[in-house]
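Listed in order, the protein sequences are those of chains A and B.
In short: position in the first sequence from 1, add 4, done, that's the numbering used here.
Counting along the second sequence from 1, when you hit position 68 you're at 50 in the numbering used here, and nothing is skipped either side.
Treat the hints as calculated values from the structure; they're not laboratory data.
Treat the hints with caution; some may be incorrect.
Selected chain A positions facing chain B (Cβ under 8 Å, derived; list incomplete) [to be verified]:
hint: 1; residue: Gly52
hint: 2; residue: Pro59
hint: 3; residue: Ala90
No residue lacks a Cβ here, since even glycine has one placed at the ideal position from N, Cα and C.
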Amino acid sequence: MPELDRKLAVPALVGRHQDYLIVGGLGGPSKDLSALIGDGPNLFSMSGAMGAATPIGLGLALARPRRRVLVVTGEGELLMNVGALATVALAAPDNLAILVVDNEVYGETGNQQSHTGRGTDLAAMAAGAGVARVSTVRSEAEIPAAAAELRDAQGPVFVVVKVSAADPPAAPRDMDAAACRTRFRAALDREAEE
Amino acid sequence: MTQIAYVPDAGHAHLIARAVADPEVTAVPLTTEEEGVGLAVGADLGGARAVLLMQSSGVGNTVNHLSLLKVGHFPFVTLVSMRGDFGEGNPWQYPMGEATRTVLEAMGVMCLDVGRPEEVVPVAEAAFTSAYTGGRAVAVLLSQRLIGAKHFPEPGRA
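Chain B extracted, bound-state conformation (with noise of 0.2 Å):
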């Protein structure tokens, strides 16, 4: 992995200060989430390896531009921290969250859950097999199970 796209994130706060300080890779902020998409597939396109750390908001930013993955069989890594599934107190989060599986499933992308932290590195080794020796796209879904829900302290305020 030489590449690490990102849109910043609470969830993969640690993963994305230790791609920025990692002088094997290279950590590249983005403005929304489907430039990742493109950058993975240029990536491959010179031989090397790039993985997206985006929110499951960002999922929905990403649609049309997944398309490239299905069209061209291009291998593909992304690990998406949840937002609006287990605890979580922002109504807004909902919907997207709720849809994320089913809008990458539509788009061909294959999705392993995590919810427990000794399930991180398997399914994330997993996932890396899926895309880089059976070609698949594949997103790791990170489960506010296992990253925790953001703490909202009134009902339908912020």
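If we strip away everything but chain A, and leave its shape as in the complex, we get (with noise of 0.2 Å):
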């Protein structure tokens, strides 16, 4: 069993968040994210479509070539919609950066295993989708250089982190994506004329 607690894995892999444009996979990531930005600007997450988050952080991604994008999910939201771990190796944008948090459970759900509890590699999928930068995280010791790689490894990269069943942080955030999207693209806005 995965013994990372969430709680200090996310927020020392993904480190300043500003630095970052952040797509959060439903459940979990989402309060992983909550917990540590708030309501910020540049974090766009999710509470539904199950599977979206690494193709909107692709989009993203192309969209804003010279900003880091970083897509952080779980591991049952991504395998909702694996093919696109194929999608991002194609499309290899360099500016892209997945971290999945593994916790082995649905968390959302009454914690019934997942698939990767039970033999399935994430790490390796993305591997034999063709993403060329994979790792995965099981100590704390492995949490600064995976953190580098997020941050500055030509992309597209692909993190897993497995963490223990133990709850997300407990963050209220804000339910109404149109106000998200409003925030999120007026923030890029006011970069570009800065």
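Join these two chains into a complex; the hints should help.
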């Protein structure tokens, strides 16, 4: 069983979040990110449309080639649309990083065991899809190197962090996706003016 | 339009080839059509525009991800080449082809039909206006009346 606590691992892997445009997949990762960022304008996090986080990150990375884009999602969310890894590998944006918070259970629906707790290896699937930079983090000691990969390595970068089934932080977030869209776009517009 | 997402399709073959050849756009081949909805949402968040090219059978793959457009008020344009309508000889194409408009409309996507070549450009222009000025999600349905039906020589056999 994985032992890392996501409350420690996710903030440590993300680091200075302002350096990224961030897409959060539904469930635990959205809560991890809200605890870290609140309703910050560099975050678009989801509470539905399971499987869409990675394609959203890809569209954003292609639209903003000079910004680093980080997708933070869960293993269940990614498994629902795992073909997106092949799409990412083929489009190969060098500014896209994907962090999968893999707790091996579906935390939103009662901690049913997910495929990754029963033999499925998402890092191997990403490598098989053609993503060149792939790694798995299992201990605190491995975090700094993976955080540097996410931040600086030529993308696409794919990191799986194996965490315990401990709950994500309780962090209330704005569920109004239209308001999030407006905030996100307005912040990028302001940046362009500066 | 700087991103053109597609799942390979005979009806869109010329447009796909032009997208791939055009240095001004990124052509993004997808493994399933639902990825194209997320891609368009991500493009919009970044201030860019994407269009999704798909066949009507692919509309069925997109349904839950179309929620994104409604919940986030995202502008969206998809060009849908129809199967299972005018002159279809493959019985497998009818169920999704006949449900395409209903499914899209149920998810809040406005449908504009194209049956004749001279309608293609004005309808596409209307779709882009509705999306990027009006903030709507729009599907342009390209009928088999326009793009032709695939030929099947024997009834019920292929």
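Against the structure, the hints:
Annotation: interface hint on A/Gly52 holds; nearest CB of chain B at approximately 6 Å, less than 8 Å. Because the smallest distance between the Cβ of A/Pro59 and any Cβ of chain B comes to about 3 Å, under 8 Å, the interface hint for this residue holds. With a least beta-carbon distance of about 5 Å to chain B, the hint placing A/Ala90 at the interface is held under the 8 Å criterion.
Hint violations for this structure: none, all hints satisfied.
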